[in-house]
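Peer 1: Chain residues, written in single-letter form:
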Amino acid sequence: MTATLAAVAVLVAGGGIVAVSAREPRLAALGTLVVLVGSGYVADPLPEAVALAARLTGAVLAGYLIWVALRRPGALTAGWQIGWPGATVIAVAAFAAGWLAAGALGTELAGLTGEGPSAAGVATALASGSPVPRAAIGAAAVLIALAAAPVLVARDVLRMGIGLLLLVSAADLVRHALAAGSDPVVELGLAVVIALSGAAVAALVSASLRTHGDLQLRTGAGRGAPVRHRSADEAHPRRIRSDDAA
Amino acid sequence: MTVLLALLGIGALGAAGSAWGLARGGRAARLGAVGGALALLVVAILAFGLDSAPVSRTQPAGGGVLDGGLSANGYLRLVVALWALDAILVTFVAWLSGGIRGVRGLLPATLAAIVGGTVALAATDLTLGAAAAGAAGLAALVALVAAGGPGFVAASYRELRISLLGPVLLIAAGAAAPVAATLVLRDVSADVNGPAVGPGEAGALMGLLALTIALAIAVRTGVIPFHVRVPRLADAASPLALPLLLAWIPIPLSVVGLNIVDQLLAPLALPHEGETSLVVAVVLFTLLATALAAFLQDDLRHAVGYLVIADGALVLLGLAALDTAAWGPARSWLIVFAASKTAVIAWSAVAEARFETRSVPDLRGWLRRSPILGAALVVATVATFGIPGWVAFAARGDLASLAAGSPWDALLILAGFATLPTYLRLLVLGTGPATSAVSRAAPERIVRGWRPEALPVEREGALRSSDGGPALAGSEGPAGASGRGAAEVAGDEPFEGSQGTEVVDRARARSRRVLATSSASASHAMARGARLVGRLTRAMRRDGTELTAAAVLALAILAALTSWGALDIAGAAAQPAPIVAGPASD
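Keeping their order, the protein sequence lines are chains Z and Y.
To convert, take the position in the first sequence, counting from 1, and add 11; that gives this note's numbering.
To convert, take the position in the second sequence, counting from 1, and add 334; that gives this note's numbering.
So that you can see chain Z by itself, here it is in the shape it has in the complex:
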């Protein structure tokens, strides 16, 4: 079972590579869906069935909404300029770094279990040497490394949204790896937030396509400050009313 869960973590990392490097928007959405669905399952012990079902529902809903938003024509994304080979190299390096760091942390915690006031119950799976939390930290590192560029510097609405969803999944993976267990209410809350986040990304993509016809971000249009750009005949700007026109 643990090997399967660790394999899911690798699958999540692969989904992240596809999500940020694909030039076909729907392929990127598919990669995002894999990440959102898989990240809820990389946990040792696994959450309750109800919690897992909620996470699955939230993730599928988020992915579906993005998929639907990309039906409009003009939904083209440039992908990542380094392409999938570059993204894969970054992902491998990040996964190795995360795995090793988690291993070192687990070793530190293993010597503490049951000795301190806070030792018991903190990252128990990691301290016990399970590969699942290590894989979770590795996958989280991959998602953070891949999402950093789209979130911070991308001028593409879809890429930024996908990057944010990857970061949400990364935070979830870190939580699964370091927490003692998972509360079904928390999982339910996270499922709702993931679904809402997907809906928000879909709404933004849809608004961009409707307004500009593509996914490129245009910031200049928002600077309509009447003070800075006022022409001579607008010394006393007022709206034209219907009775004025008459």
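Just to be clear, a hint being listed does not mean it is correct.
What the hints assert, rightly or not - Label pairs and their in silico Cβ distance ranges:
| hint | chain 1 | residue 1 | chain 2 | residue 2 | range |
| --- | --- | --- | --- | --- | --- |
| 1 | Y | Asp521 | Z | Ser139 | 17 to 23 Å |
| 2 | Y | Ser857 | Z | Thr222 | 43 to 49 Å |
| 3 | Y | Asp632 | Z | Ala89 | 34 to 40 Å |
| 4 | Y | Ala744 | Z | Arg37 | 55 to 61 Å |
| 5 | Y | Ala859 | Z | Thr222 | 44 to 50 Å |
| 6 | Z | Ala89 | Y | Ala744 | 49 to 55 Å |
| 7 | Y | Leu347 | Z | Ala18 | 39 to 45 Å |
| 8 | Y | Asp521 | Z | Ala14 | 30 to 36 Å |
| 9 | Y | Ala744 | Z | Val164 | 39 to 45 Å |
| 10 | Z | Thr68 | Y | Leu758 | 54 to 60 Å |
| 11 | Y | Ala856 | Z | Thr68 | 45 to 51 Å |
| 12 | Z | Ala18 | Y | Ser740 | 54 to 60 Å |
Keep in mind that the hints were calculated from the coordinates and are not lab data.
Glycine is no exception: its CB is placed at the ideal position from the N, C-alpha and C atoms.
Given chain Z, put chain Y in place with the hints provided.
Peer 2: Here is chain Y on its own, set in the frame of chain Z:
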């Protein structure tokens, strides 16, 4: 606990219903607006009915709502009640200013944010609280997308980014903090086999986590260097949506961040002078720079945006202190911040709408034409700074003294007052000779009886009603004249000129058809109800100038009461967070 569940359910239903209805227009929009307004009213009432008892740290598992996932407390009660009251007034102003179109986006976004904020403040788990704070932040997109206009995509893009980045940082920090604390305790505890050692690398990790939490809140509140978002948001959003976007939505995230510090970082009492100094320096620079920017800025929305940033930066002092004693003052300041900034932003929005300009110089003389608005700004200014003995004043001092030692605390307090000249500038400007923009605006005066709202309009070919009925007056009277009740009930917007006449014709024809086809008694009752609502609507629109100013004054008074410390705000803010005891909170 059923009250909390009812509040969440009604708020969520109201948000969904009003979003659905208001997006469609016509009758659905009216139903959506009424339903949303009723939901807001019920939420406010239910908020006052929430349990205000302090949460026990040893709350048994299974207590509270959703198997102990949520728990009401006094702070939650105060925040939600004040938020809902402010939202009711802001929504009323938006309706008076723009009709149903004015509340499209604002009403569902407010309700959704209140629901998300309630979950965040009631959550007994830090992850759930952070996730709910993110959901509350996403409500900003509802308001922005509904507003449309140029730049709304870019503004939504930025809001989405900070709405999700903040919770992500908090969830990661909340998960890592117990592990780091465990390692710190190992390092500092006296080992039986040797002497105690310092916190070491784990201590540095704790400092990094503190900075991460501060970063999440700084991005949300727009502290320099993350301030660029705020003026652009002010350009893109509806002015009356700004209280929600800038003042209220940051509260849940800030409270969760303070919660992590109070529960997981501060109890260790580690020396983090470097991290504290960094945050204090950022806050000090933000206070001075935004105060200067607000004073020099000629765009009213931008100036008010900088005022909001300046006050929001003070929240970071509660984090910089890394002291459990900062928990109460920081949460007190958050309420004061939200209430006072709501009043100031609402003043700005009403002034902009009334004088039809965003240019501060063009507002010269505004106070002469709008004494009620002037009183509102004075009260809001007092609420912002407080006076000795008030909660706001004490919170400023406490946060400064806890975050920095002498003499830096005095400098922080003084810097906190650096925005005062901007308020004084706006007030002094209002006493000068009126500009043409101010002169042509409707003055504030209560007039009993009929008041003309538009010039008479002649309309050729419209002397007879559309259904071939008797001739109407060749020269249509001004909007708001008697006999227009049904028409005003039917329409969303105030009447203006020929468009208003057509609406009157249509409404009269509709009224006749209704009267002809319905049974006599039912139609009579409906007609009476419609006339009553019409008269009320007409009266409110007739005195809209005064009512909007009065609503802003009410917001300012609410802010002043908050700043004073009504309803034991300081006590409620000092209550422990509803985080139940567990491995993560040891």
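Peer 1: If any of the earlier hints don't hold here, list their numbers in rising order.
Peer 2: Hints that this structure does not satisfy do not exist here, as all of them hold.
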